[in-house]
Amino acid sequence: MASAFEYAPAPESRSVVDIAPSYGLFIDGEFTDAADGKVFKTVSPSTEEVLSEVARAGAEDVDRAVKAARKAFEKWSALPGAERAKYLFRIARIIQERSRELAVLETLDNGKPIKETRDADLPLVAAHFFYYAGWADKLDHAGYGANPRPLGVAGQVIPWNFPLLMLAWKIAPALATGNTVVLKPAETTPLSALFFADICRQAGLPKGVVNILPGYGDAGAALVEHPDVNKVAFTGSTAVGKAIARQVAGTDKKVTLELGGKGANIVFDDAPIDQAVEGIVTGIFFNQGQVCCAGSRLLVQESIQDELLDSLKRRLSTLRLGDPLDKNTDIGAINSAEQLARITALAETGEAEGAERWSAPCDLPSSGYWFAPTLFTGVTQAHTVARDEIFGPVLSVLSFRTPDEAVAKANNSQYGLSAGIWTEKGSRILAVANKLRAGVVWANTFNKFDPTSPFGGYKESGFGREGGRHGLEAYLDV
Amino acid sequence: MSDRLNVLKTYKLYVGGKFPRSESGRVYEVTTATSATDAAGKGKWLANAPLSSRKDARDAVVAARKAFGGWSGATAYNRGQVLYRVAEMLEGRRSQFVREVAHAEGLSKSKAAEVVEAAIDRWVWYAGWTDKIAQIVGGANPVAGPFFNLSTPEPTGVVTVIAPQESSFLGLVSAIAPVIATGNTAVVVASEKSPLPALSLGEVLATSDVPGGVVNILSGRTREIAVPLASHQDVNAIDLSGADADLARDLEIAAADNLKRVLRPQPVDGDWSADPGTHRLTAFLEMKTVWHPTGTLGASGSAY
Chain A
1 MASAFEYAPA
11 PESRSVVDIA
21 PSYGLFIDGE
31 FTDAADGKVF
41 KTVSPSTEEV
51 LSEVARAGAE
61 DVDRAVKAAR
71 KAFEKWSALP
81 GAERAKYLFR
91 IARIIQERSR
101 ELAVLETLDN
111 GKPIKETRDA
121 DLPLVAAHFF
131 YYAGWADKLD
141 HAGYGANPRP
151 LGVAGQVIPW
161 NFPLLMLAWK
171 IAPALATGNT
181 VVLKPAETTP
191 LSALFFADIC
201 RQAGLPKGVV
211 NILPGYGDAG
221 AALVEHPDVN
231 KVAFTGSTAV
241 GKAIARQVAG
251 TDKKVTLELG
261 GKGANIVFDD
271 APIDQAVEGI
281 VTGIFFNQGQ
291 VCCAGSRLLV
301 QESIQDELLD
311 SLKRRLSTLR
321 LGDPLDKNTD
331 IGAINSAEQL
341 ARITALAETG
351 EAEGAERWSA
361 PCDLPSSGYW
371 FAPTLFTGVT
381 QAHTVARDEI
391 FGPVLSVLSF
401 RTPDEAVAKA
411 NNSQYGLSAG
421 IWTEKGSRIL
431 AVANKLRAGV
441 VWANTFNKFD
451 PTSPFGGYKE
461 SGFGREGGRH
471 GLEAYLDV
Chain B
1 MSDRLNVLKT
11 YKLYVGGKFP
21 RSESGRVYEV
31 TTATSATDAA
41 GKGKWLANAP
51 LSSRKDARDA
61 VVAARKAFGG
71 WSGATAYNRG
81 QVLYRVAEML
91 EGRRSQFVRE
101 VAHAEGLSKS
111 KAAEVVEAAI
121 DRWVWYAGWT
131 DKIAQIVGGA
141 NPVAGPFFNL
151 STPEPTGVVT
161 VIAPQESSFL
171 GLVSAIAPVI
181 ATGNTAVVVA
191 SEKSPLPALS
201 LGEVLATSDV
211 PGGVVNILSG
221 RTREIAVPLA
231 SHQDVNAIDL
241 SGADADLARD
251 LEIAAADNLK
261 RVLRPQPVDG
271 DWSADPGTHR
281 LTAFLEMKTV
291 WHPTGTLGAS
301 GSAY
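So the sequence lines, in the order shown, correspond to chains A and B.
All letters in the first sequence, in the order written, are residues 1 to 478 by UniProt numbering.
All letters in the second sequence, in the order written, are residues 1 to 304 by UniProt numbering.
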């Protein structure tokens, strides 16, 4: 099988990106060392090569950054919306201009395939800034009353799975509405946020409006707890989200949380099998499954289970795993050794609990963090692999007989972020969608994103929406 | 100052992405309207602008109709980027437009500069509207039955714009941008006595990724061009901004023949600098509502 699909290497050039040996924190328009001088290394997950050494923010740095953001807030929020809009349009255009460089950078630091950073992450990043730029002078029309006011300083903590896209989802609406921000990127993927600081410089953004603090969870916690932060926005794990919800209790801080998921991808017996297989693959193997809205539970109608699984395994056997910079690569590296260990442990639990494991036959590179596309069959709702978010390329397959059973199983989760429905029948799509307790429901497609379309979860997948007119609310005093 | 003689521009129409002369071969004299002290003086010759005929108007409608499918089918995001590109291109030609607007409207250089800046920012304003208007005016309707029911605005088609007579540039841009932001295509009748900023705008649009035919610009006698456009059966709507009361009534009567959507002359502040709101966007939209059954789950006899 493999030989029929041999491809010559088609690596994207690394020379389009110039990574400095070290980076500081970006506070008040300047790069600066951490107050305690601490640094950490960021590595390429596909090779374990050290890419750069980055200043590690601590509580004192958080305080400096919040002060800078506070100072910048008065002028920034008083600017006419049309002027703020033009800054954001500039940023959108510069991202478009530099998108190849940023795509390569993101692939190096994150481990995801260049195909995805080039065709998904970067276009969505630019589009998000472009979209919210247009809102800055139209807030009176957004449905929140006349002249809605910003909150103040936004403390934003983002994950490593879509580093620059999550930055865009956080910063674009915050700035459009007149807030200033302190953003902490994840410790394994700080570089694109630091490059974004340079984009702010090119755009002439006033100092202090955007502050970037690379660091670990302690810096994130300090940011959330800082008394002069008015708004907390977090994307990450449900456990940390709950901790944040406790931290802000008794304060006036506005909070939005975008947390974990265990999305059900429901395939009915009338679904076009080939199309559904592609959607299942996109649903769980896009970005190595490190996607909060991944379709990690496949619910397949019993009558087509065997046929669907045969097709799915055949398709998975053709996925190309390897060098993320290769334009033919479908599956890149897992983001970190820690994440790989977590995925490995959960997969072992799946086997230990009696689910049947199948992994795509593919060679894993000798260095870096890798996990072959894997699926579990014979999974029941009680199994850990059906309940816990694995955040990796692991699909749990369950079956159902009736639509009601599909809905009941889909909703049997602490999470409620995403779901998929595959059927040729429109009324069934809508009936099932009405019953699903999930913030985003994709019908005959999966993992589609657009800046105009609100995204966010039900239940323990968090609260608040990002994207669209709805995403403005999180950053307005309404 | 050198003794070098300037090369003067031949002002031409903008139709279907090309720059033709009037098919009639006619021109009319355009002069400065200025009284400002630092401008070129009053009544000085500026150019011989094309004096468009009915045939030019019909050709423009054909071009606008041809462009409608592609432009209305483009994503709202794409249209937004194209409109923003117009702002980028205009910014680069700022000094040219400041001069033309100063001559056309009898403004000082500094006042003309304000007008041009406002016009650039207006393109940015409407660039941002392309992908937002649907969430403002459309949406899901909670009908009392098992139906998915969604209303979405769509462009109405080919829109004739009788551009404002006095505000030859900001008024012009304020009328054109909302029409094309939502996916319509436009046939524009420029200000009769001050058509030059409009004709120069065609040059900007041609280099801004605006597909040919999306905006078509005609100069000449307003009544002569507007009447055939108002009665044209392949025009879907008309903006009467630049028509005087008599002409506006005549055009509205003609427009009734195929029930064109009519935007009557709106009260505006003298210089068009006020917040434009959304009425110019919604004036040229059709609302489409889609019904689809939602099945029911559960009890026997349920349907999907």
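It should be emphasised that the hints constitute simulated quantities derived from the structure, not laboratory data.
As the structure is a prediction and not an experimental result, all values here were calculated from the model.
Be a bit skeptical, because a hint or two may be false.
[Unchecked claim] Only some residues are given here: those of chain A computed to face chain B with a beta carbon under 8 Å: (1) Lys138; (2) Pro403; (3) Phe449.
Where is the CB? At the ideal position from N, CA and C, for every residue including glycine.
Against the structure shown, which of the earlier numbered hints fail to hold, in ascending order?
-> As far as the earlier hints go, only 3 is violated by this structure.
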